[in-house]
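Given the sequences, and given the hints that come with them, work out the whole structure.
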Amino acid sequence: MNSRQKMKPHIGMLIIAALLLVLPLIVPNAYVISIMVLVAIFGVLALGIGVLFVYAGLFTLVQPVFLGLGAYTAAILSLRGVPPVISILAGGFLVAIVALMIGAPVLRLRGFALILSSFAILLAANIAFTQLEITGAANGLQNIPLLSLGSLTVKGDVQYYYLSWAFCVACLLICTNIINSRPGRAIQAARDSEMGAASLGVNVAIYQLEIFVITSVMAGFAGGIYCFYLRVVSPALYSYDLLISLVLMTIVGGIGRVWAPLLGCFVIMWLDELMKAYLGKILPVMTGNVTNILFGIIIIVLMIFAPQGLVGLLDEAKRYFRSVFRSGESA
Amino acid sequence: MHNPILEVQDVSKSFGGVQAVQDVSFSLVPGSITSMIGPNGAGKSTLVNCLAGLYAPTRGRVFFEGNEVTGSPAHKIARYGMARTFQLEEPFPYLTVLQNAMVGCHTKSKAGMFASSLKLPWMTREERRIADQAMANLAVLGLAQHAYDLPLNLPLGERKLVGIARTLGMQPKLLILDEPVGGLATHEAHKVVEVIRALVSQGLTIFIIEHNMPFVMSVSQRVIALEQGRKIADGTPEEVQKNEDVILAYLGKDEDA
Amino acid sequence: MGSLSLFIQYLISGITSGSVYAIIGICWSIVFLITGILNFATGEFAMLGGMLTFVFMHAGIGLFPSAICAIVATVLVGLLMERAALRPVRYPSDAAYIVITIAVQSIISGTVFLLVDSEFHAVPPLVHVQNISFAGATMQGERVIVIVALALVTVGLSLFFNRTIIGKALRATAISKEAASLIGVRTTSFSAFSFALAGGLGALAGIVIAPVTFTSYASGLLLGTKGIVAALVGGWTIGGTVIAGLALGLLEGLFGGYISSGWKDVIALSAMLLYLTIMTFMPSHGVKKG
Numbered sequence: 001m002n003s004r005q006k007m008k009p010h011i012g013m014l015i016i017a018a019l020l021l022v023l024p025l026i027v028p029n030a031y032v033i034s035i036m037v038l039v040a041i042f043g044v045l046a047l048g049i050g051v052l053f054v055y056a057g058l059f060t061l062v063q064p065v066f067l068g069l070g071a072y073t074a075a076i077l078s079l080r081g082v083p084p085v086i087s088i089l090a091g092g093f094l095v096a097i098v099a100l101m102i103g104a105p106v107l108r109l110r111g112f113a114l115i116l117s118s119f120a121i122l123l124a125a126n127i128a129f130t131q132l133e134i135t136g137a138a139n140g141l142q143n144i145p146l147l148s149l150g151s152l153t154v155k156g157d158v159q160y161y162y163l164s165w166a167f168c169v170a171c172l173l174i175c176t177n178i179i180n181s182r183p184g185r186a187i188q189a190a191r192d193s194e195m196g197a198a199s200l201g202v203n204v205a206i207y208q209l210e211i212f213v214i215t216s217v218m219a220g221f222a223g224g225i226y227c228f229y230l231r232v233v234s235p236a237l238y239s240y241d242l243l244i245s246l247v248l249m250t251i252v253g254g255i256g257r258v259w260a261p262l263l264g265c266f267v268i269m270w271l272d273e274l275m276k277a278y279l280g281k282i283l284p285v286m287t288g289n290v291t292n293i294l295f296g297i298i299i300i301v302l303m304i305f306a307p308q309g310l311v312g313l314l315d316e317a318k319r320y321f322r323s324v325f326r327s328g329e330s331a
Numbered sequence: 001m002h003n004p005i006l007e008v009q010d011v012s013k014s015f016g017g018v019q020a021v022q023d024v025s026f027s028l029v030p031g032s033i034t035s036m037i038g039p040n041g042a043g044k045s046t047l048v049n050c051l052a053g054l055y056a057p058t059r060g061r062v063f064f065e066g067n068e069v070t071g072s073p074a075h076k077i078a079r080y081g082m083a084r085t086f087q088l089e090e091p092f093p094y095l096t097v098l099q100n101a102m103v104g105c106h107t108k109s110k111a112g113m114f115a116s117s118l119k120l121p122w123m124t125r126e127e128r129r130i131a132d133q134a135m136a137n138l139a140v141l142g143l144a145q146h147a148y149d150l151p152l153n154l155p156l157g158e159r160k161l162v163g164i165a166r167t168l169g170m171q172p173k174l175l176i177l178d179e180p181v182g183g184l185a186t187h188e189a190h191k192v193v194e195v196i197r198a199l200v201s202q203g204l205t206i207f208i209i210e211h212n213m214p215f216v217m218s219v220s221q222r223v224i225a226l227e228q229g230r231k232i233a234d235g236t237p238e239e240v241q242k243n244e245d246v247i248l249a250y251l252g253k254d255e256d257a
Numbered sequence: 001m002g003s004l005s006l007f008i009q010y011l012i013s014g015i016t017s018g019s020v021y022a023i024i025g026i027c028w029s030i031v032f033l034i035t036g037i038l039n040f041a042t043g044e045f046a047m048l049g050g051m052l053t054f055v056f057m058h059a060g061i062g063l064f065p066s067a068i069c070a071i072v073a074t075v076l077v078g079l080l081m082e083r084a085a086l087r088p089v090r091y092p093s094d095a096a097y098i099v100i101t102i103a104v105q106s107i108i109s110g111t112v113f114l115l116v117d118s119e120f121h122a123v124p125p126l127v128h129v130q131n132i133s134f135a136g137a138t139m140q141g142e143r144v145i146v147i148v149a150l151a152l153v154t155v156g157l158s159l160f161f162n163r164t165i166i167g168k169a170l171r172a173t174a175i176s177k178e179a180a181s182l183i184g185v186r187t188t189s190f191s192a193f194s195f196a197l198a199g200g201l202g203a204l205a206g207i208v209i210a211p212v213t214f215t216s217y218a219s220g221l222l223l224g225t226k227g228i229v230a231a232l233v234g235g236w237t238i239g240g241t242v243i244a245g246l247a248l249g250l251l252e253g254l255f256g257g258y259i260s261s262g263w264k265d266v267i268a269l270s271a272m273l274l275y276l277t278i279m280t281f282m283p284s285h286g287v288k289k290g
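Protein chains in written order, with the numbering used here: chain A, 1 to 331; chain B, 1 to 257; chain C, 1 to 290.
Take these hints with a grain of salt, some might be off.
[Unchecked claim] For the chain B half of the interface with chain A, some residues (derived, Cβ under 7 angstroms), not all of them:
| no. | residue |
| --- | --- |
| 1 | Ala74 |
| 2 | His75 |
| 3 | Glu89 |
| 4 | Phe92 |
| 5 | Gln99 |
| 6 | Arg125 |
| 7 | Arg128 |
To be clear, the hints were calculated from the coordinates, so they are not data collected in a lab. Every residue, glycine too, gets a C-beta built ideally from N, C-alpha and C.
Here it is in structure tokens:
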């Protein structure tokens with residue numbers, strides 16, 4: 001967040017980007033690749049939650065709703081013959097409209113009213129998905145067609161890997177650019193002091209609405225990709241459990257960098273897989289409910305001892321080492 | 001007087017049953033330095049919030065450069081050129097001093113979410129211009145060397161100056177300072193006086209809310225006194241100082257400078 | 001069944017569920033007023049009441065002792081939660097506490113899922129009461145118990161808060177934590193007490209409703225949500241929460257009966273959204289922001 005550090009790509013970022021690029025070649029394991037696809041998709045959601053909470057100061061929990069809305073719209077349309085790419089775009093468009101309608105009143109709420117409202121919206125959306133005919137009710141929709149554009153089709157884990165990560169990186173770049181610029185400063189100012197920001201000319205309500213809609217549309221598009229990847233949509237996928245995981249990802253990732261939630265997403269998704277693999281052997285059942293126990297404990301431990309998360313801890317470690325070795329740079 | 005920069009007509013503000021400000025009227029001459037004094041609870045901050053758009057007056061009207069701004073929201077009033085600092089609010093704590101000042105340039109720049117997300121060339125050019133302008137504003141207040149520090153690492157005096165530096169980005173025509181020297185050491189208060197005089201020489205109109213009588217007497221051309229929401233005196237510092245109602249209001253007030 | 005009897009039947013089921021929402025809403029209120037924390041795990045207290053009673057009965061203990069054990073166990077859970085998850089927080093903030101209580105909610109329901117099972121279970125009513133019939137509708141005995149429980153809880157709490165020293169001290173804390181600690185009230189033990197009380201009452205609610213709606217590991221979320229709606233709309237007072245809870249239950253009962261039972265939960269959610277939105281936009285002192 002220091003404007004002196006120009007946005008020159010950090011050497012670490014380049015290494016990670018390179019790794020991501022060649023991963024399917026070094027580790028040609030379909031299982032690993034498929035998990036990474038999910039990391040990219042849920043990472044976009046975690047990114048959105050992180051941006052909204054850390055930089056805009058808005059604690060909303062509605063991302064899963066927009067993931068679901070984008071996914072269901074894409075599914076419903078493509079099952080009726082609409083070209084898949086158009087279906088995804090339509091999903092994003094619908095999400096934008098809904099986000100505007102929800103955001104305008106809800107973002108004016110403060111403190112616990114905002115959280116409670118987003119909670120209510122989340123539960124209501126889940127009920128809607130489960131009850132409506134058009135969304136296939138509790139069973140959802142199956143046999144969604146392949147994602148294709150003309151004669152090009154996206155098939156298989158590797159292709160989805162590149163598609164989802166390209167999208168995820170694009171979202172990250174967009175968010176980073178916004179945060180490090182005029183609207184980003186305005187949003188952060190509004191987070192710290194609405195009165196102060198308003199007195200400097202910032203139209204707080206509009207900026208908050210804009211960032212909310214942008215992150216929501218990202219979630220909507222992620223939902224579109226998700227639906228074509230799984231070729232199935234069902235209410236269980238966009239439920240309260242997803243929310244717990246997302247909250248955990250954001251906390252684990254921590255504060256300090258825009259990409260922190262992506263790190264958190266990576267860590268948590270793989271932790272989840274590890275738990276399923278090892279604990280699944282000792283425990284009779286291993287479902288989301290059980291992993292939630294561990295997730296819940298981790299959340300509590302982090303909130304008490306390290307609310308700044310991994311990235312925050314990394315920053316602290318860096319500062320500590322710098323002071324120990326006295327490199328002469330100021331913080 | 002030729003066109004006043006600010007005209008306040010019978011402004012009143014009540015909260016539930018409490019009348020915080022009652023029928024206050026005055027005008028400000030462009031380029032002048034006016035102070036508003038009054039004991040705690042006199043309604044000074046409430047009045048400022050009514051002028052600056054944080055509250056809507058219950059009654060009365062406010063005109064800025066001839067345009068009616070009564071009840072306009074704060075961010076719109078900022079665009080007209082009325083800036084204000086806060087008595088208690090601190091600079092944005094998680095932005096550097098420079099970034100704080102850059103927020104001040106918000107009204108004089110255009111890049112929105114779209115242009116920023118794609119980092120369009122005109123947006124990067126504008127960013128550079130904003131940064132330069134903000135740096136210059138910091139220099140006016142002697143804060144340039146702290147540009148990359150976080151405000152919480154600075155002493156109170158410099159934090160208050162950051163608050164003023166921010167407003168310069170708006171290229172304001174009227175600057176309202178809410179308790180600019182509250183809690184400051186003498187040398188810090190002198191700095192503020194220097195800054196005020198420098199700004200006025202550049203054409204700004206200054207309106208100060210203050211408790212500190214020596215400061216008010218030394219820097220103001222005119223003083224308005226408020227008590228329990230009403231204006232009780234309006235004149236030169238010497239006149240107001242001798243005004244019986246003012247003395248009564250401050251019951252046992254301190255000796256003048 | 002004639003249409004009048006049908007109507008009365010829906011009313012009865014509505015009042016029954018409304019009574020439970022009211023009690024759970026009171027649990028939210030107690031914790032919120034005394035500690036300022038919104039406890040998202042409140043619903044789980046109710047779930048634990050029912051499920052633990054079932055578990056203890058399954059282990060061979062009689063109904064009444066099982067119920068008592070279930071209540072005690074839930075009270076302990078509440079105390080543990082306050083002591084281990086909430087008190088140690090070093091950077092307290094609304095968001096932090098809410099996230100933690102949400103985490104606790106997941107832990108509790110996940111643990112019950114793991115240690116018990118995912119099925120619905122029936123629990124017998126505490127006391128055998130005859131079914132009452134009138135106008136062609138039947139009010140089952142177990143529903144009567146629920147309403148009686150609400151009445152007892154309401155009266156008991158009113159007496160407690162108004163007539164006992166501890167109760168009055170608790171009310172003082174609710175009004176102002178700073179003032180209370182200044183006059184010597186031990187606010188940390190009151191925090192613990194409020195969680196214990198919420199745990200006990202919540203468990204009781206769960207035990208009396210379990211014979212009517214059955215209970216499972218997942219019951220907590222919706223029950224808790226409806227409880228907060230009752231507390232919110234009821235203005236966090238006991239009387240208000242009771243009225244709001246009953247009203248919510250009635251609306252749900254009628255809506256669920258006449259229109260659609262799948263959608264009836266949406267009533268509570270919409271009520272909450274509507275209430276929050278209206279409260280925010282109500283003009284208050286002409287302050288424009290926040």
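Right, here's what the structure says about each hint:
1. Ala74: holds, 4 angstroms
2. His75: holds, 5 angstroms
3. Glu89: For B:Glu89, the interface hint holds, since the closest Cβ of chain A sits about 5 angstroms away, which is under 7 angstroms.
4. Phe92: holds, 4 angstroms
5. Gln99: holds, 6 angstroms
6. Arg125: violated, 12 angstroms
7. Arg128: B:Arg128 check fails; min Cβ-Cβ to chain A is 11 angstroms, beyond 7 angstroms.
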